[in-house]
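The task is to assemble the complex, starting from two chains supplied on their own in separate frames and drawing on the hints.
Listed here are the chains, written in short residue letters.
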Amino acid sequence: MQFWIIQTLNSVAFGGLLFLLSSGFSLIFGLMRIPNLAHGAFFMLGAYFGYTLLSLKFNFWIAAIGAGLGVGLVGIILERFILRQLPGNAQGQVLVTLGLSFIVADLCLLIWTGDPMPLPAPSELRPPLRYFGLAFPTYRLVVLGLALVAAVGLYILMERTRIGAMIRAGVDDMEMARGVGIPVGRLFTMVFLLGAALAGTGGVLGGPILNAYPGLDADMLPLALIVVILGGAGSLLGAFVGSFVVGFLYNFGIALVPDLAYFVLFLPMVLVLVFLPQGLFGRVQL
Amino acid sequence: MSRGNIIAVVIAAVLLIALPRIITHEFYINMASQCLIFAILALSLNLMLGFGGMVSLGHAAYIGVAGYTCILLTIAGWHPLLAAIAALALSTVIAGVFGMLSLRAPGLGFLMITLALGQIVWGIAYRANTLTGGDNGIRLPARPEPFGINITGAPAFYYFTLIVFAVALFGMWRFARSPFGASLMGTRDQPRRMRMLGHNVWMVQWLTFVIAGFWGSVGGLMFVYYNVFLSPHALTLQQSAEILLMSILGGASSLTGPIVGAVIITLIKNVASTYVERWNTLLGAIFIAVIIFMPLGLVPGCRALWLRWRNRNRPKSPTPAAEPAE
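If you read the sequences in order, they're chains A and B.
Residue numbers are given in the numbering used here: position 175 of the first sequence equals residue 203, and the series is strictly consecutive.
Residue numbers are given in the numbering used here: position 251 of the second sequence equals residue 247, and the series is strictly consecutive.
Extracted from the complex, chain B is given alone in its bound form (with noise of 0.2 Å):
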């Protein structure tokens, strides 16, 4: 990292440190957790997208998995630690199940696959009326107490959702700098090249989707503890598509895109839905416009802009074209 981006994510650290103090509606906080878990479930999406080349439609399965399994787990009964780490658990090994079907295609039928199995499971989750209450969703008994600190209030449920999305950052800031990380974009870029020189392609592309599993799930698991309920609602192929678009509206290929992409849907989303019904109208032509006119992305776009700006006075001096996300 150099000098200016340390820089930059200290500002934008404190700046998030201090939010509860500086907007204190209890409405705009809330708003602020949505963002940020959001912004896990963007990221997550982008391991796959960003630097694997992979666009997956079925990432609300993981929110289906994980919520429903701590759902159910709390209500037999189960402390709120384990239920959650089972819930990721078993989450985490269908990712491993999904991603080897998923794998068994590549380009766009990976993407035909993943939509199939989203609806599948949202399919279940629908029709399963015993176990999961159908379309009128379930709830969850109450939100967990980390180390006994109650989190019901917004601030303190910012906070916790605060640290469950630096945590997760984190994770996914060091395995997108890690050598497997270049491995990944390698076969991304290369798949051909990276077989020649000895890497299982295949491997690299499924240890990513399981990955991109793990931390989907912790980003529905914090949906769920958001919402305390769930309803099939939530794992809708609208749902992914909407986690698909954040990450593209962004920009794919930098951590900062989904995250910028998932405020901005988020917001968007909340705004739009007090003044107007229709939300899906919206979504779909945002969706069209961004393919279209910024197919790369906002960050990287923008990005662009302020090199060109930057280098106004410089005359013929070649700007870094942002890597595209395929």
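Just chain A, with the same shape it has in the complex (with noise of 0.2 Å):
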């Protein structure tokens, strides 16, 4: 029994790093019509970021807000910088985020080196609860708790804010938009600062989860790839319930056929391709 309920509690609290991970991948690659490749770089990095600004003795929460401004910077100079010099060369652009994704992660190696770093748990979430002689992790929780409360945020930004309609206007019909003079220059950076920030922040809240280390990046990003096949691009609810599919799969499949693992995942991809090609809640086609 407690065996099920952890290891359930640890999907769903996985599933919430997803969701932080993919929602923003999500939303750029609705957008902005490409893959970014360098999003999982942008979790890793998040992930330094607050094991830097911890051991620097910032307050745990502060560090995850830092390293998610951090990150948000990051991918702002991507955007601005490198991305605004491939107009309409949609396979450069791909390409260019994939690059950077390279020299994060070695520029990564090179300043936290290649030992893994743990991001300790704010010390007051780190007892367990307990009811019915169960114990229950805390912090897990936590994550789970605030990454609802990302999915909740972001759908009221999306579906009842002003900025939420223009952005869903230019995933709908980008040309359209632009005829109407929405600024969608503007947005495109918007969107990658929100992306690139939810996901240095996810990288923070998961680093007692997951730990800071090489190669964080390259176990991530394949994740929110598939979420993003299975829930469909562009749509949140898609990257909601795909996170959380993704979550219950990887996880369990790691505790119970380890050597598996990844093959756990290629099954829902494949149904998902075979009949449903955009994905469960796609807006745009892949």
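Don't read these hints as lab results, they were simulated from the structure.
There may be inaccurate statements among the hints.
Stated by the list, open to error - Derived, one-sided and incomplete: chain B residues facing chain A with beta-carbon distance under 7 Å:
id : residue
1  : R123
2  : A124
3  : L233
4  : I287
Stated by the list, open to error - Far from chain B by the CB rule (all over 10 Å, computed), these chain A residues:
id : residue
5  : F31
6  : W32
7  : L84
8  : W89
9  : I90
10 : P148
11 : L153
12 : P156
13 : I184
14 : G192
15 : R196
16 : D201
17 : R206
18 : R214
Built from N, CA and C at the ideal position, the CB exists for glycine as well.
Spelled out as structure tokens, the structure:
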């Protein structure tokens, strides 16, 4: 019983982290029509920024916000100064984000060395909650809660604000949105900032669970891709559902069939691609 | 082929055959073998990229599938030739499945799916400790002995690689020049018109994917024969990206481009790794620089320069623009 509870909580907490990662990825894809292959590197960079801020004795939550802002800044620089160089060349833009992810990963290795860096959870969240004679890991519940808060916040931003309406218009019909005077260029920067900051914050929040280590980016990026392939690009709901599906499959896969953990991810991807190539809730063609 | 091209090919062939006599140092002969192996991989990827306009980021998966199959079957006591044939067959079948999945989405969705599939193969190789040895990798017991000839020495292995390379290059050259190759380029440039003309666009692209997978598996097998060892590090996204970069750097619209790219990247990688530790930063920087400043690649870029220089006395003659890769 304890095993199933722990694994279920691990799964939903991991799903929450995946949502922080893939919601930004999905929005960027939906609006700009490019998969940002530096997104895994953003996540890892966030974890390392968080580690440095924590070792400077900052509060955990301040570290999470600070790392998010720092990574968001990196995202703006990427969008403004590199992607803007290649207007209309989607394929070139994707490959540039890939090249940047190699540079970021390698510089992280240079700065923070190859050893895994632990990010301790805030001390008040370390003791487990006890109910009905069972222990629940507090920190993971908090991560899940924060992911849900982020989901609600993003939903409100996207569905109930003027900016959200403009982003949705851009996702649905970019040319028409430009035509009616929506500043699409500024939206690109904003969505990139938002996506990068979410990934960076996710990196810090994931730190106590995953640690910061070289290769974290390559571990997380394919998961984000699979989430978006499953859920559909450009859709928040798709990212939300996909994150938890992948979170469960990956976590239980590692716990039950460690040799085939990745193969377990392969199956739902095949099913969705065969029967619903746009993903479960896709707004745009992948 | 024009007469100039034939002369160039003959000169290149003579140079390649004489190479171990010119550079006698074993280290450099091995480096030449590496260049040829990566040239096979880059050429095979380029069938999709250059002629089909499909950007794949999962090509290292074929190194994995063909390599692990060959090693495991050899360890299980199969004859090396049978193991190689089985490895190529399985890897090509996997390419068929991956092609069906990847072609469900056009354009960048294709890129994402190939990336995800490549990472899944990497993840399986990394996690399936009992089979693949996980992170530690797994050794091939010995290089095969084709027709009883020992190829453990560097020059002998170089000639073996050269023969495989020549066969692969000829195969891919025939492919690119065939009517099928022409219809492939048609689906790249005008998929709608090709459909109107009665071509089965999906089938053309899928067959290309499978053929590219087959030659990629051949390259992967050679990679394993060269290293006599395989670990998940050879299956990473970096590896796939390096192969892609070779194609783009050299120029994806030709057959010479990927070869030039493979030679340049392999040399830079070998030289750089002896002097600096930061190969990945360099790789990323080259990637960004090539995409921004030289999107057509070196070979078409240099050819355009050459034509402009040759025509410098003829004012206003239209320079034939290199065909874009997309």
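Legend entry - Broken hints, by number: none
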